[in-house]
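Asks: Once you've looked at the hints, go ahead and assemble the two chains, each given alone in its own frame, into the complex.
Letter by letter, the chains look like this.
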Amino acid sequence: MAEDRDDRPEGARPRALVVDDEREVADAYALRLRELYDVETAYGGDAALEAIDEETFDVVLLDRHMPRTSGDDVLATLEESDFPGRVVMVTAIDPGFDVIDMPFDDYLCKPVDREDLRAAIDQQCEILGHEMMGEYFGIEAKRRVIVAELPESERADHEEYRTIERRAKERRRRAQRLLDDPAELLDSFDGIDRERN
Amino acid sequence: MTDDGTDVQAISLQELPSPVCHVAWDSEAERCGADEQAVVTTVNDSFESAFGPITAGTSVVETLRSVGIESEAIPSDVGEFVDSNERRLVQRSIGQAGDRATEPYLLRGISSDDRTGGYVVLTSLPARGPRPRPSSNVGLDDVASIISHDLRNPLDVAKARLRAGRELDEDEQFDHVARAHERMERIIDDVLTLADTASAATFDSASNAPAERTRAVEIDDTVHLGDVASAAWDTVETDEASLHTVADLPPAVADEDRLQRLFENLFRNAIEHGSTAPGSPTRRDAEEYGSTSPPVDSQHTVAEDGANSSRAATADADRPPAAENTTDGAGLSVTVGRLGGDPPVGFYVADDGRGIPADERERVFDPGVSSTDHGTGLGLAIVDRIAARHGWSLTVTGADDGGARFEIDGVEFATTS
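Top to bottom, those sequences are chains A and B. My numbering puts the first residue of the first sequence at 1, with every later residue one more than the last. My numbering puts the first residue of the second sequence at 1, with every later residue one more than the last.
In case anyone wonders, no lab produced these hints; they're calculated from the structure. Incorrect hints may have been included.
Now the stretches of chain A that chain B is said to cover, found in silico as 3 or more residues with beta-carbon under 8 Å [claimed, not checked]: (1) 29-42; (2) 88-94; (3) 105-112.
Since we're looking at a predicted model, the values are computed, not measured. Virtual Cβ for every residue (Gly too), placed ideally from N, Cα, C.
Next up, chain B with everything else stripped away, as it sits in the complex (with noise of 0.2 Å):
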């Protein structure tokens, strides 16, 4: 199969490592006057192996579901889906009742030169990074709790200087209020992100929640990497920290505002976390509020062919320039960069800042640990939840200059450089 995917024909169905299946257009059902259905025709060892025997004839979306794919992942009118190419992250269940569990697949549909048909192909992706990650799994219990409890400060702040405002005739408290509303503002989002990013399984097994909560991600979005880095950097408080990003990272097949929430995530998680020493009165203004610093100067620069511009302070894209500094992000670099040669495999975030402990890297991406008390300790695991759904493996270590570094391999990216 090449890059694109859309030369299945080319080879036999039978020397394709994935499960795949031919279908074709149920001209007897048309003839019938029912709805024109695609069915399976035959299916190549691999799929055999993976799933077990499938009748010639059955529909596409009966063998998807005998198989185990999410009734809600499977597209309603595969016709539409295999002409036009499409790809889908789904979730297959497996496992017996009382002890299911979900494994995430690609599906995609390729036509046939002469649209009488085409072929549908599941692909098995990356289990979720190198390390088993039991309590990655979020229910209503963990949210209830994180809300709960995060909740309850700026919810406390808030009511006591709604009061003072009132009583004391003071605008400034005012201000208190608004920023107490946007701290909830910002945990609410964060849970709800963390829920939409949550696999089926965790909301089905574990919370009860209904099952159209969950949905696959839509990842037939073609993403520039740098350009939606840059766009999250816009959005994160980042003082006078910088972004590197290198410029030769190829488009990537994404979800956008999926990707942007992790770049999100991972720039705010550098600066709260990477830049200054703990429990420092500026940094948590930092993390709580936004900085009470003099209006943000973020740097933000590209790196071409790995030269940064002469905004970018000297070091190269793989390597940026060590903080000098350890107030409110001042001096921490945050790099993008591609992950291995050409074609790269995936991308990494990476600082200059503290790090994160060998031994606390275990735990960074469940939900709810935060080094500190006013973070909701849930934006890691959102980053990890998008990774999830993406299909992606999420790494955490450290950065060769002792600050940490995010590795997220098996990107599809769209083309080649």
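Next up, chain A with everything else stripped away, as it sits in the complex (with noise of 0.2 Å):
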């Protein structure tokens, strides 16, 4: 899985990945949501775990019904790998009671008018963002602790410390490029003293 390796600018769009084994299906959600978004496509489950594991994806829109590797397939491969990201389904297949335990953030079925489509995923991004943002300010007042009591020559070469560190950075990079006005929740954890007095 691609964690900790989204090291795209801050401005950058929220990335989504189009997942669907019917190419002009999948090419035809990519066109609807280009102009807000950096889409990627996979035409099949296991073309999109492949771009999954090598690129950090913020969306996935996922088909359920493909051969081989379902999407169902995929959904719980992702939910096995923790996959730090949300999952939309997008099908044809009308849900069932079998949908209660399936790990998916939300449900659409085919067709989709670009607008709902758009406002799912803007719900999702900003949801990831808040959870990115939580993330980030709890890694991120373990190192401020660390730096606030410890040198610069320690830290250098402790590698967890270093872990932490880059993940701070990768969730605060995500959190600002989902989240509408990220600046008031920095803010306010920036202006909490979590050092001794």
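Replies: So, in structure tokens, the structure goes:
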């Protein structure tokens, strides 16, 4: 999974992956979204997992019924690997009781209006943005405590510290990219005095 | 009875294995000013054994109705039906209310030499293949499910591309719309064909659709299988696949239009499912919207008495050349050949592609079953229905060289060679 590899700049747009084994369908969805998001397409379940393994995606639009590796299979794999993104099922399959145990974040039945599609993605981006911001705060609080207490010379050689440092930057970037107004949250976080008085 | 079935008088009625009733024109009715009607004068033991006793003098229409033949399939003019030696497939209702089923029969009229009467023969047709297919019946729920699922994708594509075409003023967007419309058209055609070939019992009991939507297939056409197969091949995106047709197939009694649909669906199945690895992008294109490769360069060869023409590869008619590559249809060889000796009992359509795993063969004729998401899953269900409506038995096996082989037997051939 491409965790912590999202080094795109703060101003980059949210990134979506459209997964559908029908090339025409995947391309049509990408067409609808390309004005607002960075969009990639995967024409099958295996291709989707490969793409997600190599790059960071904020939202995955996932068709269910695909040959070989189905959307349900992809969803299960993402769940197992703790995928740091949101998954929206976009499918022609009418949902049944089986959806209760499926770990998706939203479910859209085709055909989907462009506005509904964009609204659903925006909503997931907002949610993910808050998740990322929350994770950032948790990681950053640790980092700041360590910075306040331990000298640079010790921190530089500490592998776990370098990991949370990298992860904090990634979470902050993603949160800023996904939230409409992240500044207020960041200012509020920064305004709290965590050092010993 | 001879091959053409018109000399029933040459042998005793009782010697005939099929249920037969001798009919005559009711002169009494004519004298009373009523329309002349055909009445039953006698029936053979086989008839009584199958349907019970019949009172002499009962009209043929009433007799057929009383034994369960669907009303809409009974000839309105029995005299004309008998005089012209017509034949048609009919369905006979069996069982009690709430547990009704139908079984197919071939209803044949055979005129007498002196045209004063004739015979009506009811021949029970073979069961539907060697295995039961309880799920092969398709009701409105199934059709609605198939339509709702399969139409959504092209509808989605059309909506997105139409909007993009308008907003971006890009003509190429409308090409996508056109392809989506073609896909929807094909799905609708498939569903209509499936509904058209579904049995009366299926519609009456499973869907409550109007009875007049079902009808027996008229099977008084004599068709050349090779010609129909060739015509069907021309309508399918076959890319570089080749068709090999054995030339000595005798003419068969079949509904030409439906037979062509049968061939089209078998060919399409071979091209789409037999030739490429699943999930490859090129395969998607071929299945979904027709190939994106250069113009179709399909080959059609006719093997004369088993020998292929110069355009064909080197294999004989029963053993087409093996596929040499795995791109869309390229290298795939599809063969239409005869089943049995002389006379044949049917025909087969075989390919040298990937074949169908043995454990999946039971389900391939079920509506909605497709190895891909974008196939309608109706093609082989349609083949199954068309075969059933002709009274043919349809089975799928493995071809000698690993591909799929669909065998259609119980075919009535017009002449023998």
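Asks: Which hint numbers does the structure go against, in order from smallest to largest?
Replies: No hint contradicted; all consistent.
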